[in-house]
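Enquirer: Sequence:
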Amino acid sequence: MGEQVDTAGEQETAPRIVRRWPSWSALVGAVVCYCLSFTPSLLPRPWYLQAAAGAITALFGYGFGAFFGFVARECRLLPPDRVRRAGWWLLAVAGGGAVLTVTAWSVRWQGDLRRAVGMDPRIGWWQWALVLPIALLLGALLVLAARAVRLGTRWVRGILGRAVPGWAAAAGAAALATVLVVGFVEGFLLRSLLDLAERGAALTDRSTSPGIVRPTRSTLSGSPDSYESWASLGAKGRDFVGSAPTAAEISAFTGHPAQDPVRAYVGLRSGDGSGFAEGARTSAGLKERAGRAVAELERAGGFERKVLVVLGTTGSGWVNERIAQPVEYLYGGDSAEVAYQYSYLPSWISFLTEGDATDAGRALYDAVRAHWSQLPADHRPRLLVAGESLGSYATERAFPGGVPQLAEQTGGALLVGPTPDNPLRAEVTDHREPGSPVWRPLYQDGQTVRFAQRPGDFAVPAAGWGRPRVVYLQNGTDPVVWWEPTLIWREPAWLNGERAYDVSPTMRWYPLVTFWQVTCDLAASEAVPEGHGHRYGLMPAEAWARIAPPDGWTAQDTDRLVAYLADRLA
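Residue numbers (this note's numbering): 26 to 595.
Possibly wrong hints are sitting among the right ones.
[Claimed, not checked] Label pairs and their in silico Cβ distance ranges:
| hint | residue 1 | residue 2 | range |
| --- | --- | --- | --- |
| 1 | Pro282 | Gly316 | 32 to 42 Å |
| 2 | Ala165 | Trp130 | 16 to 26 Å |
| 3 | Ala111 | Arg172 | 23 to 33 Å |
| 4 | Gly143 | Ala111 | 43 to 53 Å |
| 5 | Arg140 | Ala595 | 19 to 29 Å |
| 6 | Lys312 | Leu162 | 48 to 58 Å |
| 7 | Pro47 | Ala487 | 51 to 61 Å |
| 8 | Arg492 | Pro282 | 23 to 33 Å |
| 9 | Ala518 | Ala111 | 22 to 32 Å |
| 10 | Ile159 | Gly522 | 35 to 45 Å |
| 11 | Ala518 | Arg140 | 19 to 29 Å |
| 12 | Gly112 | Leu162 | 18 to 28 Å |
| 13 | Leu102 | Pro47 | 11 to 21 Å |
It is worth saying that the hints were derived from the structure and are not from the lab. Just so it is clear, CB atoms sit at the ideal spot from N, CA and C, and this is done for glycine as well.
All chains, full assembly: derive it from the sequences and hints.
Expert: Rendered as structure tokens:
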């Protein structure tokens with residue numbers, strides 16, 4: 026009798042273990058989430074990103090549906106066979122119709138999104154015809170991986186069940202599976218991918234961009250007079266010093282004699298030259314390279330200039346010329362800028378290890394200010410700070426005292442495309458005045474801090490703007506600014522009430538779905554025209570002209586500068 030019971034249990038359980046066809050509720054969840062993934066988000070999506078978004082969201086819908094189906098079976102709430110057969114037919118007809126309909130609608134939605142950001146609204150039907158088969162393939166692979174984990178869990182539960190009660194075996198198997206999966210992803214897969222990415226980026230860092238040559242001017246790092254070798258600067262450092270305008274180029278704009286601007290840069294290979302030294306990313310290593318940056322600034326005469334800008338770099342050490350050059354033209358070259366590299370990885374990867382940015386930003390600023398503060402008050406440059414993306418995060422972390430410390434210790438700040446983890450931006454946004462939108466928060470009547478996407482935003486509010494001035498540039502459609510894990514379960518404030526200029530009025534928040542949509546938008550954030558996504562164009566020039574204008578500077582001068590740089594940096 027006992028053998029018959031065991032056999033029956035095996036016969037009842039085996040089909041569920043090896044079942045190849047999904048449950049009805051799982052497919053319903055997958056279809057619903059797949060269709061929702063087509064709805065508008067921040068930016069237009071190319072077909073391959075839509076396929077990825079559809080596959081991932083459908084997988085989660087599949088999981089939720091499978092869970093509810095399991096609960097229904099365990100609670101014996103299943104309908105009669107006749108109703109279930111009708112449900113399958115309904116799913117086939119309604120689900121298939123919904124997928125085809127939403128695909129057709131999405132072409133119009135994407136066209137509207139493209140038009141809103143200044144792109145050609147026309148897209149090819151053949152591209153969107155590929156979305157479903159690619160999404161099905163990706164989804165199938167993800168489901169197979171999930172089922173493999175489930176099979177392994179059941180196998181472990183069966184072994185444990187010989188020695189402990191069933192509930193303990195199930196709990197132990199689930200815990201072990203969780204530990205193994207998380208350990209594999211974080212401890213092996215993610216770490217291996219990060220290491221591989223860094224090794225690859227380090228090789229790229231040895232290259233030099235076309236048109237960039239070693240400078241001969243003593244005011245630039247990497248020159249024959251520099252303490253820092255040309256090779257040690259890295260690819261982004263060579264771009265930074267190799268793109269500096271000359272005194273003649275600046276004079277051509279100002280119409281007056283100009284100076285060669287100072288640009289000091291220290292690469293990750295500075296010192297021992299390896300870039301992979303054990304101490305390169307330690308606090309001591311960061312401080313050592315920050316000290317080298319100060320020494321390089323002093324050598325080049327940076328502390329004798331009228332204005333000094335401490336720049337937070339992105340993950341790979343990049344400095345945007347559209348942030349760097351406006352100050353040099355504003356002050357006729359009587360300027361100095363300093364930056365250093367703390368990683369080889371691009372920002373979207375470095376964001377996973379943002380501790381480097383935290384320590385790097387603070388180390389560089391503290392070292393520069395320590396030397397600067399020893400100079401006579403009437404013989405030291407105006408101290409400014411700036412950063413873009415992860416560089417803005419690095420810059421903010423240098424001011425643990427918040428906005429008051431930033432305003433007290435600097436002559437102004439420009440922060441472009443800030444991340445959701447920027448502490449000062451979070452402070453300002455959380456304490457904004459009632460009624461002001463989260464994408465353009467009003468803080469303390471705009472006396473110090475202002476947010477802008479367009480030049481007209483600097484005039485909001487109309488009340489006087491004191492000194493020093495802090496400007497945040499953040500586009501309404503920049504996923505770098507608005508992506509955060511809370512999108513999984515909470516509707517964001519930027520979709521409530523008044524929306525930013527370029528955010529679609531048809532965009533809606535859906536639990537989990539919107540998170541993956543905005544995650545995919547990150548990959549497309551640079552593939553849109555300036556003024557949208559993570560592209561800020563020449564808004565930094567507009568901002569600098571308001572943060573730190575030299576004596577006698579006018580609005581007409583700003584217009585001339587923007588037009589000049591638009592041609593020079595095209």
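Enquirer: None of the hints should be skipped; say for each whether it holds.
Expert: How the hints compare with the structure:
1. Pro282 with Gly316: 32 to 42 Å: 34 Å, holds
2. Ala165 with Trp130: 16 to 26 Å: 25 Å, holds
3. Ala111 with Arg172: 23 to 33 Å: 27 Å, holds
4. Gly143 with Ala111: 43 to 53 Å: 49 Å, holds
5. Arg140 with Ala595: 19 to 29 Å: 24 Å, holds
6. Lys312 with Leu162: 48 to 58 Å: Holds: the Cβ-Cβ distance is about 50 Å, inside 48 to 58 Å.
7. Pro47 with Ala487: 51 to 61 Å: 59 Å Cβ-Cβ, so the 51 to 61 Å window holds.
8. Arg492 with Pro282: 23 to 33 Å: Distance hint for Arg492, Pro282 holds at roughly 28 Å.
9. Ala518 with Ala111: 22 to 32 Å: Cβ of Ala518 to Cβ of Ala111: about 43 Å, so the range 22 to 32 Å is violated.
10. Ile159 with Gly522: 35 to 45 Å: Holds, since Ile159 and Gly522 (Cβ atoms, about 37 Å apart) stay within the stated range.
11. Ala518 with Arg140: 19 to 29 Å: 26 Å, holds
12. Gly112 with Leu162: 18 to 28 Å: 26 Å Cβ-Cβ, so the 18 to 28 Å window holds.
13. Leu102 with Pro47: 11 to 21 Å: This hint holds: roughly 19 Å between Cβ atoms.
Checked against the numbered hints given earlier, the structure breaks only hint 9 and satisfies all the rest.
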